[in-house]
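Protein chains in written order, with numbering that gives the first Met the number 0: chain A, 0 to 298; chain B, 0 to 528.
If you are wondering where the hints come from, they were derived from the structure by calculation, not from laboratory data. Worth double-checking, as some hints may not be accurate.
In silico PhoX-like cross-links for lysine-lysine, where the CA-CA straight-line distance does not exceed 20 Å [unchecked claim]:
1) Lys138(A) <-> Lys127(A)
2) Lys40(B) <-> Lys127(A)
3) Lys74(A) <-> Lys110(A)
4) Lys127(A) <-> Lys74(A)
5) Lys342(B) <-> Lys138(A)
6) Lys127(A) <-> Lys110(A)
7) Lys110(A) <-> Lys218(B)
8) Lys127(A) <-> Lys342(B)
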Amino acid sequence: MQLSLERVSKVYRGGVQALSEFQLELRPGVLGLLGPNGAGKSTLMRILATITRPTNGRVLWNGTDTASDPDSLRKVLGYLPQDFGVYPHLSAQEFLEYLAAVKGLEIRSVKQRIAELLELVNLTEVAKRPLGGYSGGMKQRVGIAQALLNDPQLLIVDEPTAGLDPEERVRFRNLLSELSGERIVILSTHIVSDVEAVATSIALIAHGQLVAHEAPEGLLASVDGKVWEVLVPSAQLPALRLAHLVSNTAHRSDGVHARVVSDVEPVGTLKALEPSLEDAYLAALAFHRIDLPAATTRA
Amino acid sequence: MTWQAIWGLARADFLERTRRYSFLVTLLFAVFLGFETATGKILIQLGEHRGVYTSGWIGTLMAMVIGCFVSLIGFYIVKNSVERDRATGVGAILAATPLSKPAYAIGKWLSNFAVLAAIVGILAIAALLMQFIAAEDPDVNLWALLSPFLLLALPAMAVTAALALCFEMLPGLRGGVGNVMWFFLWTTLLSLPVINKTPWLDPIGLATVMRSLSVEASKYIPGYRGGMSFQIQVGQHIQVADGLRWAGIDWGWQRVLLRLFWVAASAALAIAVSCVFDRFDNQKASAGDAFGGRQLPHGQGVKSVAPLMFRKSAAAHLTPVRTDNFFSAFIHTVKAELILAVKGGRWWWYAVAVGLLIAEFASALSVSRGPLLAVAWIWPTLIWSGLGTREGTHGTQQVIFACPGIVARQLPAAWVAGVFIALASGAGAGVRLAVAGDWSGGIAWLAGAVFVPSLALTLGVWSGTGKFFEALYTALWYVGPMNHTPGLDYTGSAGGLAALRAAIVYLALSAALLALALLRRRVQLRGSR
């Protein structure tokens, strides 16, 4: 089982470059796709889900080009888009039965699976009520259930925890971990803690480019010994932000305790800190911005 | 503050519309109308004559084109302003501002009017060009040429703009029901001055033109008995009455005031209808997208369910699933599409459908295959208009398009479900024809049942909206099955060889339409590069 992206680029009408020469190779496990808003995550997800075709480059599923034979991937694909709708007059059960039919699944075996999925996302009690009356979080759970209908080998979830409360988010992360055994799961988000909890590898994306693709440990190692707790008076915080990458701040009675990522120890350092994935993420993006040509950075 | 808000709202709405691809199509429609009129395909006819193309005649002709055609099509073009605010969520933002409902309505009315006025502007340019192209009268009288645009066309557009807004703000008319109803309201509006014998009740200005022209025509056309027809020329021989060099309507202050009255009445109508506008409060919504008009307020009825979280679980123990063989999967997809199509209507919708079916069985064959079948096949219009558009309307496109076999299985299954609905709703007439041994009538019936969903599917897939089918099909239904226009009666109610011939054409047309729909969906699925 292998998903390969070979120099994938996407240019929208008007010349907007959403993806540029994106290269990635994936095997079973959970890939956390991290990037700021507008980085190109959703475009990449749509290309992988065969909704959009790349302008250049190829996406290969087990060696087959998904642009020329999209159904080879669609048969084993589970996709939860960032924004999706439901048919408001169908119940959750009917909606899942409808999608099972559209996916060409055998009706006898799928009925049992639908019941289990509804149980899994805790919608059994409301399974027969029209979806038009569901809250945003409940619709999101219907979306998660539909993505798992066909026991997908490739599961793509785009901002899946949007609309879920903190407890639901934790449950969903656990669900993803459980599912990740013999399949490729791609989790796109800008919430670092979601990725931190479940990802076996992380891809950082910014300005449509792949900034880094590493195991979480590798990313953390890149900022090892570069994270500091610095104490500064409130008035000097803007100057500190200008000089260094500040990943967090906390106002205390003695001043502002800032979490700083820096190659050199800043003035006012209280102690060195254990790096977090958020530090590594922010540092990678900051260094990427510095590397970009001025015009791209302004855009 | 209010005027500033109205201006800001109207301007933003107009700019948003003009930057959409659909506005370009609107302008092309205007150019097409102008071309057809300028080349003599659309004309005002007095018996078998027409007048010389003077500035007055051309200006009035173009204004009539606007009053009669643009009012019909323009309604569908502009009836999406409030809906867009609802769909994009901008409405909720506006609802949280001090903007009053009347101010919102006036802003939207002005925006609707501006879009329609753009069409008027293009046709005004076409009128000027037409006078040079026709070259029947070298004297260009700008007032005679342009006053019909100002005093006939623009007030008619103001009325259309206000009515489109009404249909969007009145809960029962917001969806497809309104699109179908508009056709009948439009025909009523055109014939208002004739029906009521009250010349002032004439928003389009037809009676004003007719009176003015008749007086002049009776002087120059021998045997002219009054009356005027405004029509599309299909091979008729029309003579030019050389002496009839009409200078246009004599706009006295009374006539001008009467036309301005319609502009004021339109603004008043927009303000009046804003009183019942729900101000984007979903909890109040009672009408919507489903046939019969039932919409479900968000969150209602299921909020009490607890706890909102995932079960500890079990993902590892999910029952494995198998893929079905093609035939079995196709049958299941047809069944699923059928459930999706007919679910969500009100009880009375089903009651009327069943009543029509019973009446088809119980009535004389001529009634059953004639008016009853026609009514039975207009009743599910809003079900058919969902064919090929539901995915876009409800935002399920990404989920559905990521499934395998959309072109090979899902879209054909949706079409079969549509055909099944036509067969079921017209089953009474079909069975009666079979029992009577009228096989040509039976084939015509079958062709009709195949044609209607094919038309719906193709228009839906290509346009992305059910509105196009709702408008076109209602008009076709009116001129075809209801008025028995030769070749357009897809129900084959006339029977005999002519109906059989037409049936063969409709079957071939259906096949072509289906192929077009599949082709388009295939392109959509490939995605844009």
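Check whether the Cα positions of lysine 110(A) and lysine 218(B) lie no farther apart than 20 Å.
violated (81 Å)
Taking 20 Å as the top limit, are the C-alpha atoms of lysine 127(A) and lysine 342(B) close enough?
holds (13 Å)
Please verify whether lysine 138(A) and lysine 127(A) have alpha carbons no more than 20 Å apart.
Satisfied, since the Cα-Cα distance of roughly 14 Å is no more than 20 Å.
Hinted pair lysine 127(A) and lysine 110(A), Cα distance within 20 Å:
holds (14 Å)
Hinted pair, alpha-carbon criterion (20 Å max): lysine 127(A), lysine 74(A). Please report holds or violated.
violated (27 Å)
Can the restraint linking lysine 40(B) and lysine 127(A) be considered satisfied, given a maximum Cα separation of 20 Å?
With Cα atoms ~57 Å apart, lysine 40(B) and lysine 127(A) exceed 20 Å; violated.
Taken at face value, is the distance from the CA of lysine 138(A) to the CA of lysine 342(B) at most 20 Å?
holds (19 Å)
Verify the proposed pairing of lysine 74(A) with lysine 110(A), using a straight-line Cα cut of 20 Å.
holds (18 Å)
Against the hints set out earlier in the document, violations occur for numbers 2, 4, 7.
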